[in-house]
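Participant: Sequences and hints are given; from them, build the entire structure.
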Amino acid sequence: MKALVVANQGDQSINCLQIAEVAKPIPTADQVLIRVHAVGLNPVDYKVVEGGVPAWTYPHTLGLDVTGEVVAVGAAVTDWQVGDRVSGHGDLTQNGCFAEFVAVPTYQLARIPDNVSYETAASLLCGALTAYTAVERKPNLTNVRTVLVHAGAGGVGSIAIQLAKLHGLKVFTTVSTGKVKYVRQLYPDAIIDYRQEDVDTRLAQLTDGLGVDLIIDTVGKAGPNETCAAWPTMGPW
Amino acid sequence: MTIVDVPDLTGAPVFDRGLSMDVVNLGGAHLSGNPFQQADLGKMNSEMLALAAAGKVDPLIEKVIFFDQIKDGLQAIKDHRVIGKLVAEID
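Protein chains in written order, with the numbering used here: chain A, 1 to 237; chain B, 1001 to 1091.
Simulated from the structure, these hints should not be mistaken for lab results. Predicted, not measured: the structure shown is a model, and the values here were computed from it. One or more hints might be untrue.
[To be verified] Computed list of lysine-lysine pairs in PhoX-like fashion (alpha-carbon distance at most 25 Å, straight line): (1) Lys-1078/B to Lys-179/A; (2) Lys-1056/B to Lys-138/A; (3) Lys-170/A to Lys-138/A; (4) Lys-138/A to Lys-1078/B; (5) Lys-1056/B to Lys-1043/B; (6) Lys-221/A to Lys-179/A; (7) Lys-2/A to Lys-1071/B; (8) Lys-1071/B to Lys-181/A; (9) Lys-1063/B to Lys-181/A.
Facilitator: Below, the structure is given as structure tokens:
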């Protein structure tokens, strides 16, 4: 089958990626074989190429976010059938989905509703599920009223804004000047252009000096972050 | 809530203000060997798709490309030339 691969261990740049003919995977007992329809592209896809992953064997097939149709099921699989429309976020240590077929363990899979396209489902995995974990799993939203989402135009940030809004939270987001207009379509309560404004000062104004209750940092140390002055004065409880 | 790395909290008033920090790493669930954590990947995926089916979440797809354009697509992501999601059709 056709696949986008990292051919050799030393191939640590996007330029080294090649389309190659590789063996079609055979599902193990707890896996299904998926005929791939649409895949999502994410920053992690090139970062693992550049950083290398010790667990890989070569050629390694790239790609984490798969959608497609189940075409074979492993011996121990009972909940999934040939013909199911599925999507899943894969394990980066395993061969991936930038290929005609991929075999994945069933725990990651969901059935795609009839009114959701393969393309939409493929775009709701790596970044969206990270945002989902950051809003719906990790925090206790009791008494949380305000949320700061860094990089609200990004793959994680844009979903985090929408999920936080569904909870009725007041959402503030930081973006660079060129992305202000783009992020406006998500209706955050305030957009902070970190190139033009001081983030701490603006957050102090927006929260009456109380600080934001929840901060979702999708950028890390390299980002234009708030300082602890913008953190909540206490709690939240 | 931190996603890319763990911030340096030296000198931060974490205890004084009763603050907490949490880390999100989806890959950690895959590698945990914990079947309950792993199963939550599928459950969250289902819940997210239900929100999309109900029109409550829009993934903001920027462009749908072909298989042989994935390499260029990854370079475009790296160069910050893409806002919104890039999706590729395989078949």
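Participant: Measure nothing beyond the straight line between the CA atoms of Lys-2/A and Lys-1071/B; if it is 25 Å or shorter, mark the hint as holding.
Facilitator: Holds, at about 14 Å.
Participant: Is it true that the CA of Lys-1056/B sits at most 25 Å from the CA of Lys-1043/B?
Facilitator: holds (18 Å)
Participant: Please verify whether Lys-1078/B and Lys-179/A have alpha carbons no more than 25 Å apart.
Facilitator: This hinted pair holds, its Cα atoms lying about 17 Å apart.
Participant: For the pair supplied as a hint, Lys-1056/B and Lys-138/A, is the alpha-carbon distance within the 25 Å limit?
Facilitator: holds (21 Å)
Participant: Taken at face value, is the distance from the CA of Lys-1078/B to the CA of Lys-138/A at most 25 Å?
Facilitator: violated (28 Å)
Participant: Are Lys-221/A and Lys-179/A close enough, with their CA atoms no more than 25 Å apart?
Facilitator: holds (20 Å)
Participant: Within 25 Å, alpha carbon to alpha carbon, are Lys-170/A and Lys-138/A?
Facilitator: holds (18 Å)
Participant: Given the hinted pair Lys-1071/B and Lys-181/A, is their Cα-Cα distance within 25 Å?
Facilitator: The hint is violated at about 28 Å.
Participant: Quickly compare the C-alpha distance for Lys-1063/B and Lys-181/A to 25 Å and report which way the hint goes.
Facilitator: Given that 25 Å is the threshold and the Cα spacing comes to 18 Å, the pair holds.
Checked against the numbered hints given earlier, this structure breaks hints 4 and 8; the rest are met.
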